[in-house]
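Protein sequences appear in the order of chains A and B. In terms of my numbering, the first sequence opens at residue 2 and continues consecutively. In terms of my numbering, the second sequence opens at residue 2 and continues consecutively.
Calculated directly from the structure, the hints in this document are not laboratory data. In this text, a Cβ means the ideal position worked out from N, Cα and C, and glycines have one as well. Wrong hints could be hidden among the right ones.
[As the list claims (entries may be wrong)] The calculated label-pair distances, taken between Cβ atoms and stated as ranges, are:
#1 A:T45 with B:T17: 31 to 39 Å
#2 B:A81 with A:T14: 23 to 31 Å
#3 B:E15 with A:T45: 50 to 58 Å
#4 A:T45 with B:R137: 25 to 33 Å
#5 A:R147 with B:E163: 55 to 63 Å
#6 A:R289 with B:D162: 34 to 42 Å
#7 A:T256 with B:G149: 36 to 44 Å
#8 B:E15 with A:D207: 33 to 41 Å
#9 A:H266 with B:E15: 46 to 54 Å
#10 B:G149 with A:T285: 27 to 35 Å
#11 B:R137 with A:R43: 26 to 34 Å
[Claimed, not checked] Reference listing, derived: stretches of chain A covered by chain B, where coverage requires no fewer than 3 residues with Cβ under 8 Å from a Cβ of chain B:
#12 2-13
#13 29-40
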Amino acid sequence: MSLPPLALARPATVAAATELLRRDGARALAGGQSLVPLLAARLTPAPTLLVDLGALPGLDAIARDDDGWLRIGALARQRAAERSPLVAAHAPLLAQALALVGHPSTRNRGTVVGSVAHADPAAELPAVAVALDGVAVVAGPGGARRETPVAALIAGPGRTTLAPGELIAELRLAPAAAGERQVWLEFAPRRFDLPLVGAAVRLAADGDARLTLAGYAEAPLDARLGPLGRPALEQADDGGGPARRSRALDRAAATAAVERLLAAHPPRDDARAPAALRRRLARTLALRALAKAAADA
Amino acid sequence: MPDPREPATTHEIELTVDATTRRLTVEARETLAEALRERCDALGVRIGCGEGHCGACTVDLDGATARACTVLAVQADGAAVRTVESLAGPGEPLAPLQRAFREQHALQCGFCTAGMLMSAEELLRERPRADDDEIRAALSGNLCRCTGYQGILRAVRAARDER
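Chain B with its partners taken away, still in its complex shape:
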């Protein structure tokens, strides 16, 4: 196995993606978002801008949200990644936050939704009684070009009140 301490254009990493451990050979320049989609079939991770503006690729990285396109795959060596798929498995009922998004019309095209859900999940975990200002601040890094955000705010409030 190559020594990660020495300069190289490819590196071997090990990470956990939605509870499955993966050993990967990645390029040094490869982002975590690219590795998740192309090497781990984690297609719930959306790449919107790919440059750290839109938040569509937001995942949970070792217990805190991160934009997967601004993290190099190499930097996630040894980490545990959770994508939107972790909120409810295949065939399982939607998580309360996901259900609220559907009921409150918090999505149209849905491209931003996975990232929105991960940011909102972190907020409600850390601040179960978050007020509107805190919800807006928590979602400030997630752009939606369809909804005008009002449905998203309603959905996060609804999920909060359901707890």
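Next up, chain A with everything else stripped away, as it sits in the complex:
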């Protein structure tokens, strides 16, 4: 068999799952689309116990809180989020990125939260979660519950600050503000492969811009670029349709801000891509994404 010998449990409650996850060599299994291939290729130290979260009830919801934030349960599949009207309406960045995560057959199984917890530096979803001010609702032994920003959760490649016994029960994402534009762009040598670099842009109605990069550093690189555009102006549509918002991107300011950010943070350099290529891809993708966000009307 492909996988190394191990034991597996399918707890029926979050409390039982957290108790099992306290054991030495225990590891949580959700959709398995990152973990099972790694285990089959023997590229990760074999856990002695897989705690399959798949039987936990009520964790597959995609919903909206009273305060407007999106709630994505630990077992919500990427495919469900991709097709969710709530995600399309309130987190267009996530919807755009999901279309490029893996393939239909992997999105059918893989979970949004699992990908965030896997913390692959090149993956789309950890960067998207950071860009959307994601907060992980963490369940721990003894019914403990805490909330932590995803930016603080991700400690490095494949590493999180989760303690033994803890699991992410739910991910909360900030909804897009009125008039905000969100754009995800990425470059992969082959489409649908893990990108070398991905860029998330949030452009506020007042021209304030934020950039989050996947694949560039050891963890998502998240920065506010400041005001890069003139505030949105209401314009009459040529066809006499509803008023259209348009804004002009200050290209010189955008270029300067992106270059300043990249100069302050050295890119990763590994077998997939040298640092110089990552820097160039990041610059190009960031400026294209900013331009697209400004142009989208």
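Fit chain B to the known structure of chain A by using the hints.
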């Protein structure tokens, strides 16, 4: 029967494979692809890389495609699995999609074909008017080392247009 909630290296599961219900004792580390081939004689499921790269083992799991080598057999407890054998039974004429693959030379060695068919079937079920870009995206997780993909694209287009 052992309690699946407790850690164990073997588990008992029940699943439906191409409309036949199976009760199996599987290893915790056993993939669905391995269980289908070795315990259910579902030899239409091909194991190419066994590591989630090639898509040859793609099956329908509860109505949506999955790579059977990236799903543990235990995770498929209670599920309904459809393999390529479900498209046309023994002695039955080929399904339109299968016929299109033959007519359009969409296979040479055939090792990837079962997975290609399952991915293409899901696409045409969900998007009966899929355009080329959607076909390419739907088949992006299925590698073929023989054909160069053009025959496969022609076959899916032909099956789409026949509907």
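Hint check:
no.: 1; hint: A:T45 with B:T17: 31 to 39 Å; verdict: holds, 32 Å
no.: 2; hint: B:A81 with A:T14: 23 to 31 Å; verdict: holds, 26 Å
no.: 3; hint: B:E15 with A:T45: 50 to 58 Å; verdict: violated, 30 Å
no.: 4; hint: A:T45 with B:R137: 25 to 33 Å; verdict: holds, 31 Å
no.: 5; hint: A:R147 with B:E163: 55 to 63 Å; verdict: holds, 56 Å
no.: 6; hint: A:R289 with B:D162: 34 to 42 Å; verdict: holds, 36 Å
no.: 7; hint: A:T256 with B:G149: 36 to 44 Å; verdict: holds, 40 Å
no.: 8; hint: B:E15 with A:D207: 33 to 41 Å; verdict: violated, 58 Å
no.: 9; hint: A:H266 with B:E15: 46 to 54 Å; verdict: holds, 52 Å
no.: 10; hint: B:G149 with A:T285: 27 to 35 Å; verdict: holds, 30 Å
no.: 11; hint: B:R137 with A:R43: 26 to 34 Å; verdict: holds, 32 Å
no.: 12; hint: 2-13; verdict: holds (count 12)
no.: 13; hint: 29-40; verdict: holds (count 6)
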